[in-house]
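**Student:** Sequence:
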Amino acid sequence: MPEVFDPAVVRERYLSTASGTPRVEAWRLALEGLLADLGPSRGLDRDQLAQVRAGTDSVAALLDSVLWSSPLLGTDWEPSEPELSARADALARMDDESSIFTRYYGDFEGKRVENHCPGAQVARQLFAQGWGMVAERLEERATRKEERTEGQGRNRGLL
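For any residue, its number in this note's numbering is found by taking its place in the sequence shown, counting from 1, and adding 35.
One should not assume that every hint holds.
[Said to hold, decoys possible] With beta-carbon atoms standing in for the labels, derived distance ranges:
1) Glu-171 to Asp-92: 48 to 58 Å
2) Pro-37 to Lys-146: 33 to 43 Å
3) Ala-43 to Tyr-139: 37 to 47 Å
4) Ala-43 to Ala-123: 22 to 32 Å
5) Glu-144 to Ser-104: 45 to 55 Å
6) Arg-147 to Leu-107: 17 to 27 Å
7) Ser-120 to Gln-83: 35 to 45 Å
8) Ser-100 to Ala-71: 23 to 33 Å
9) Glu-144 to Gly-68: 22 to 32 Å
[As the list claims (entries may be wrong)] Here are the computed lysine to any residue pairs in the SDA-like style, where the Cα-Cα straight-line distance is at most 25 Å:
10) Lys-146 to Arg-128
11) Lys-146 to Met-129
12) Lys-146 to Gln-156
Hint data in this document are derived by calculation from the structure and do not stem from the laboratory. Backbone N, C-alpha and C define an ideal beta-carbon position, used for all residues, glycine too.
Hey, can you work out the whole structure from these sequences and the hints?
**Tutor:** The following block contains the structure:
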């Protein structure tokens, strides 16, 4: 479902969430809506959708853990220095060497025994997407909207 990874598609749903909703929850609801609307037509059954939701819910929980101030949609806000530091720490723990998605159990017969979540790369992408939306300031959003509107006006003249 490429729409889940398309920031424009997710942002449209994210911004349609009621003002006053926690931003991370608005992002999670945007993904949930996409899954509900598109999953069945893409051949995903109920169990498969539940597996995807478990992953998106986990990423939302990680976002909530680094954004403990729980910013609300529709309010001007920016992450605090400790939240930025927590984000950097979470990202560092998502690398391939020391991933929070890898569990090391020890060595057996001279070889590492570990379990690695196959969705780790997806989680990294969703974490980056979610952070980009929930940490965006209202001024940045307004500037981007103005740029899109101006661009549409220029394009109309070419038709």
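**Student:** Does each hint hold? Answer for all of them.
**Tutor:** Hint by hint, here is what the structure shows:
no. : hint                           : result
1   : Glu-171 to Asp-92: 48 to 58 Å  : violated, 22 Å
2   : Pro-37 to Lys-146: 33 to 43 Å  : holds, 37 Å
3   : Ala-43 to Tyr-139: 37 to 47 Å  : holds, 38 Å
4   : Ala-43 to Ala-123: 22 to 32 Å  : holds, 26 Å
5   : Glu-144 to Ser-104: 45 to 55 Å : holds, 48 Å
6   : Arg-147 to Leu-107: 17 to 27 Å : violated, 44 Å
7   : Ser-120 to Gln-83: 35 to 45 Å  : holds, 36 Å
8   : Ser-100 to Ala-71: 23 to 33 Å  : holds, 25 Å
9   : Glu-144 to Gly-68: 22 to 32 Å  : violated, 48 Å
10  : Lys-146 to Arg-128             : holds, 22 Å
11  : Lys-146 to Met-129             : holds, 22 Å
12  : Lys-146 to Gln-156             : holds, 24 Å
In the structure shown, a violation is registered for the earlier hints numbered 1, 6 and 9, in ascending order.
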